Amino acid sequence: MSFTIATTVDEALVALGAGARPIAGGTDLVVGARHGKAALPADLVAIDRIDELGGVELDSAGVRVGALMSHAEVMTDPVIVGSYTAIADASALVGSPSTRHVGTLGGNVMNGSPAMDTGAPLTVLGATAELRSVTGGRTVSLDELWAGPGRTTANPGELLVALHLPPARDRCGSAYVRLEYRRAMEIAVVGAAAAVTLAADGTVASVAVALAAVAPTILSVDGVNEALVGRTAAAAGPVAGALASEQAAPISDLRASDRYRRHCIGVMAKRAVDAAARRADGESIAVPVNRSIGIGAA
Amino acid sequence: MTTSYELDVNGVTYPVNADQGKNLLSVIRENVGLTGTKEGCDDCECGACMVLLDGQPVNSCSYLAVQAQGRQVTTIEGVMDGPEMHALQRNLLEAGGVQCGFCTPGMIMSAKALLERDERPELDAARIGLSGNLCRCTGYAKILSAVEATAVELNT
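Taken in order, these protein sequences are the chains called R and V.
Read left to right, the first sequence gives residues 41 to 338 (this note's numbering).
Read left to right, the second sequence gives residues 955 to 1110 (this note's numbering).
Honestly, the hints are just simulated from the structure, not real lab data.
A quick note: this is a predicted structure, and the numbers were derived from the prediction, not measured.
A virtual CB, placed ideally from N, CA and C, is assigned to each residue, including glycine.
Certain hints may be false.
As the list claims (entries may be wrong) - Derived pair list, reagent style EDC-like, types lysine to aspartate or glutamate, alpha-carbon separation capped at 16 Å:
id : chain 1 : residue 1 : chain 2 : residue 2
1  : V       : K1096     : V       : D1072
2  : V       : K1096     : V       : E1048
3  : R       : K77       : V       : D997
4  : V       : K1096     : V       : E1070
5  : V       : K976      : R       : D83
6  : V       : K976      : V       : D1008
Claimed, not checked - Quick partial rundown of chain V residues pointing at chain R, CB under 10 Å, derived from the structure:
id : residue
7  : N1013
8  : L1018
9  : F1056
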């Protein structure tokens, strides 16, 4: 058994290469271990003090978001709130203030839960994941990264160091909406994110929709762009909702039946497209959408 | 396997010998010997175990104690101002915001962190600030009044 506190990415990568598992806030790892889901790994490397894993930086290729950004940082970061708002909507709904302070964006992504809140927003915004190991680095799409519930295609020696987002576009808005039974310490019953770009005449120029908690991984809705381009924003929502319900492959568990999830994902997808289009049109809807326009639990 | 390290709790450095996987809550209660921090659900849901880590709230039941090395841990025992109660403690008593009292230490830690980042929280912000803390005596209205009274008191 060992516990190492890394202060640089290189130190962390050496420990990972030797078989240690990374721990940041521990909100999934420690709780999961005590639930008997998976024993706490014998060798751990703490990555929560690595400065180079934090922060949001603008570069020529867009924006680099450090994997160690906490949900509390994500939901208040001016670049994310301003141009990639759906991610802020999602982080603002995670857990409680304490979960949001220690829980990280990278942890949410690498835990690989199909119900993760930040996954659908990152997907519709075209994020890619930068992985590094002692032998080098690679950047993969999120679709390639997520392999199934709690599983990713990252090798054990690889660390997620950052998420990369393409440059923000004009007249583009995004939103994440989830169905929840209560307002704190909740996991999405179902969730939907949308990114909408409007043309000068106010019709939809491009759109992407992705869904949480209705499939083994985050699900991108196929054909939504083709179906919605050229429609008015008001007409787009219901069509997106119908496609989402049709493509969802939900399970029944103690939180909801598959039928209920299939119905509600349509409602959430419609609301996400509506809110994203309103933001694209310049309307200011505070983060998170769930609270500011009364979606989700009362 | 036990591991040895030091933990700064309420400004005092304690030597700790504990299993690597032992959570911060158990180390605070069993190794450090401060029992004001409570174990409620032991599942990161109820907030009875809330402590501050470098001033930010954390569920100590779900945080490894070894990870708190080199950081400042504040527990309910660390909020008093010498012999005087913290304004939050006094206002909770005055508002009748303490019923069975089991959630109170965690509520105070969350409220303290809230008031440090938002001096005069709106009611909804106060609710969100305490949203990781459950009170099964259903005393939320009085607890929120105590937080509001404290915000007013500390900022006038």
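Hints versus structure:
1. K1096(V) x D1072(V): 20 Å, violated
2. K1096(V) x E1048(V): 9 Å, holds
3. K77(R) x D997(V): 13 Å, holds
4. K1096(V) x E1070(V): Answer violated: K1096(V) to E1070(V) is near 20 Å, above 16 Å.
5. K976(V) x D83(R): Holds. K976(V) to D83(R) sits at ~14 Å (cutoff 16 Å).
6. K976(V) x D1008(V): The given pair, whose Cα atoms are some 20 Å apart, is violated under the 16 Å limit.
7. N1013: With Cβ-Cβ at 5 Å, under 10 Å, it holds.
8. L1018: 6 Å, holds
9. F1056: For F1056(V), the interface hint is violated, since the closest Cβ of chain R sits about 18 Å away, which is over 10 Å.
The structure shown violates the earlier hints numbered 1, 4, 6, 9.
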